[in-house]
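Enquirer: So you can see what is in the structure, the chains are spelled out below.
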Amino acid sequence: MSDNHEQHDHMNIPKYVGVFLVLVVGTILTYYAALVDMDSIFPGANTLVALLIAFTKMAVVMLFFMHVYWSKRLIWLSAIGSFFWLAIMFAFTLQDYLTRSEGVFGR
Amino acid sequence: MQASDAISTGYGSAKGNYLTNGSTLASWLLTKDHKRIAIMYLVTVSMFFMMGGLYAAAIRLELLTPASDLLETGTYNRVFTQHGILMIFFFLIPSIPAILGNFMLPLMIGAKDLAMPRINLLSLYIYWAGGLLTLYALMQGGVDTGWTFYTPYSTTFSNSYVMAVGLGIFINGFSSILTGLNFIVTIHTMRAPGMTWFRLPLFVWAHYATSLVMILGTPVIAITVLLVAIERTVKVGIFDPAIGGDPILFQHLFWFYSHPAVYIMILPGMGVVSELISNFSRKKIFGYEFIAFSSIAIAVFGFLVWGHHMFVSGQSVYAGLVFSFLTMVVAVPSAIKMFNWTATLYKGSITFDTPMLYAFGFMGLFLIGGLTGLFLGSVGLTVHLTDTYFVVAHFHYVMVGGQVIAYLGGIHYWWPKMTGRMYSEFWGKISAMLVFVGFNLTFFPQFILGYQGMPRRYAAYPEELQVLNIFSTAGASVLGVGLVMPVVYLTHSLVFGAKAADNPWMLPGLEWRTSSPPPTENFDVMPVVTWEAYEFGEENGLDLEAARRSDVVTA
Numbered sequence: 001m002s003d004n005h006e007q008h009d010h011m012n013i014p015k016y017v018g019v020f021l022v023l024v025v026g027t028i029l030t031y032y033a034a035l036v037d038m039d040s041i042f043p044g045a046n047t048l049v050a051l052l053i054a055f056t057k058m059a060v061v062m063l064f065f066m067h068v069y070w071s072k073r074l075i076w077l078s079a080i081g082s083f084f085w086l087a088i089m090f091a092f093t094l095q096d097y098l099t100r101s102e103g104v105f106g107r
Numbered sequence: 001m002q003a004s005d006a007i008s009t010g011y012g013s014a015k016g017n018y019l020t021n022g023s024t025l026a027s028w029l030l031t032k033d034h035k036r037i038a039i040m041y042l043v044t045v046s047m048f049f050m051m052g053g054l055y056a057a058a059i060r061l062e063l064l065t066p067a068s069d070l071l072e073t074g075t076y077n078r079v080f081t082q083h084g085i086l087m088i089f090f091f092l093i094p095s096i097p098a099i100l101g102n103f104m105l106p107l108m109i110g111a112k113d114l115a116m117p118r119i120n121l122l123s124l125y126i127y128w129a130g131g132l133l134t135l136y137a138l139m140q141g142g143v144d145t146g147w148t149f150y151t152p153y154s155t156t157f158s159n160s161y162v163m164a165v166g167l168g169i170f171i172n173g174f175s176s177i178l179t180g181l182n183f184i185v186t187i188h189t190m191r192a193p194g195m196t197w198f199r200l201p202l203f204v205w206a207h208y209a210t211s212l213v214m215i216l217g218t219p220v221i222a223i224t225v226l227l228v229a230i231e232r233t234v235k236v237g238i239f240d241p242a243i244g245g246d247p248i249l250f251q252h253l254f255w256f257y258s259h260p261a262v263y264i265m266i267l268p269g270m271g272v273v274s275e276l277i278s279n280f281s282r283k284k285i286f287g288y289e290f291i292a293f294s295s296i297a298i299a300v301f302g303f304l305v306w307g308h309h310m311f312v313s314g315q316s317v318y319a320g321l322v323f324s325f326l327t328m329v330v331a332v333p334s335a336i337k338m339f340n341w342t343a344t345l346y347k348g349s350i351t352f353d354t355p356m357l358y359a360f361g362f363m364g365l366f367l368i369g370g371l372t373g374l375f376l377g378s379v380g381l382t383v384h385l386t387d388t389y390f391v392v393a394h395f396h397y398v399m400v401g402g403q404v405i406a407y408l409g410g411i412h413y414w415w416p417k418m419t420g421r422m423y424s425e426f427w428g429k430i431s432a433m434l435v436f437v438g439f440n441l442t443f444f445p446q447f448i449l450g451y452q453g454m455p456r457r458y459a460a461y462p463e464e465l466q467v468l469n470i471f472s473t474a475g476a477s478v479l480g481v482g483l484v485m486p487v488v489y490l491t492h493s494l495v496f497g498a499k500a501a502d503n504p505w506m507l508p509g510l511e512w513r514t515s516s517p518p519p520t521e522n523f524d525v526m527p528v529v530t531w532e533a534y535e536f537g538e539e540n541g542l543d544l545e546a547a548r549r550s551d552v553v554t555a
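Here the protein sequences line up with chains Y and G, keeping their order. Letter 5 of the first sequence, counting from 1, is numbered 5 in my numbering, and no numbers are missing. Letter 501 of the second sequence, counting from 1, is numbered 501 in my numbering, and no numbers are missing.
No wet-lab data here; the hints were simulated from the structure. Model, not experiment: these values are computed from the prediction. Any given hint could be a false lead.
[Said to hold, decoys possible] Partial selection, computed: residues in chain G whose CB lies under 8 angstroms from chain Y:
| id | residue |
| --- | --- |
| 1 | MET50 |
| 2 | LEU216 |
| 3 | VAL220 |
| 4 | ALA222 |
| 5 | ALA297 |
| 6 | PHE301 |
| 7 | GLN315 |
| 8 | SER316 |
| 9 | PHE352 |
Don't be surprised by glycine CBs; every beta carbon is placed ideally from N, CA and C.
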């Protein structure tokens, strides 16, 4: 419990408002980024930018709103582990999509 | 039965127990006691099991004859779908963790309760909410997509209650996540002094691994079901190719959870069997560390094999080969457990009590279930076997032959602790044997039927396959009797059963060192663990030699 109390000390109302503002700005940025044709730079650039903004928003929520930044290593491990699992889901799904028409055993 | 407190308790209480600590409805519905919550899970989960069993009976009666005569084909679709949904989401997944895990885990590690008792009660209410919504949908007409909700059936073609059932499963998933989270935090933070990680009972290790799968996998099925709902309502192209989606993406997302969900079902069962094999052989388990880490290995590798459900779905050959190879890999930790259990039996002082009969049943049936899984994990052979009764037989050998048998073994094993009453050992043994015989008679013929090409999910089949189907239906009747019997004699034991000793099996585990039934706080004084897991020598602090079972069990 003492850990939790210590963690709560790290955050205060202005900081929570700061997190909220980052999320609002991120959302607005996502909207305007979608209106610009970045796919002409390279295919998928629009999606990449949208994901980068989303990742930034998520990182701010996790690190500050959820206090992970001040937490013990085990909590960091749990947080990073969940991303590792997400990466497994994407990678193993993509190994299907990316090798359907070409790749090692492509038709 | 007489108890010998000197050899059995040490940490128990004479002041009453969790069952007598309040008798009002509110004392149950608002309880934060993990044991009472487990009992409420037991009642609810058993009801879902019975409902799922009735659907199974309808399936087997329909398949008694080659024609689709008892059920109209559309109704048959709903019946097998609802059998699957009730059994998987509302029985198999919660049964061992939510009942036996909830009740026993704190007792086994020397804790007063789970780390988050309110969250534990919340998980029960969420389970009830999800279950009630699903039942409502079933009463309205149910769902006909198969328990897998494959797109485009579930998004484009089905006119049944996909949304309502999907929402029920979505809600239910949160119950699973909260239970898993609670177990992980409890195991990390609530262990008694001296209860080091490598002194934990293997049942606890199995639940730790299961909890990892629960919290990492369940959100994905929740999101997937939500995506189906979004596509059906808002017509966003996610799975429907006509609007830019991909139906195989659904299978990837669905099986990313649902294959590991198999391990949510079987890992706790393996934990139960580790307890039974060691304790009823009265011998320290062989290869403790290997069994503990094989649970973790199963949890990790179990996430890498989902594509073996999709070999003929249109996924790439490359992906098929990778998933096939990894499927062979995930068999290794399961095999490690089987070899270690067998080695534990060697030169053990084996007794054939009812729980041990179930443990033996598990070893034989899970062996068949596991090995036939390798058939289905082979990219070439599976083309012939996909969507046949071979698959049905395989997963029933794992789910029923493995999980349900282990669950029954666990219920019989811990019943004296949970209720303070002994059941009839005679009827217990008869029931265990009926279940074993009935199960094999039901499902072994289905391997042959599948190999001969009988597809699953059809109400009609060629006449030449009838004999094996009659065997299967006859077996289901025997299995049904075997499963109803424990309901009768266990309920009977609550009133008429002999009072159980605190440690009726004379075992060293912490849960056997408190009273039967345990007090609300589990232990009157904080236990201090100075012995290794499954320690049957003098080091365990119990004078077992002086109180051999024959002296104690005099009911």
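Enquirer: Tell me, in ascending order, the numbers of any earlier hints that this structure violates.
Expert: 1, 4, 5, 6 and 9
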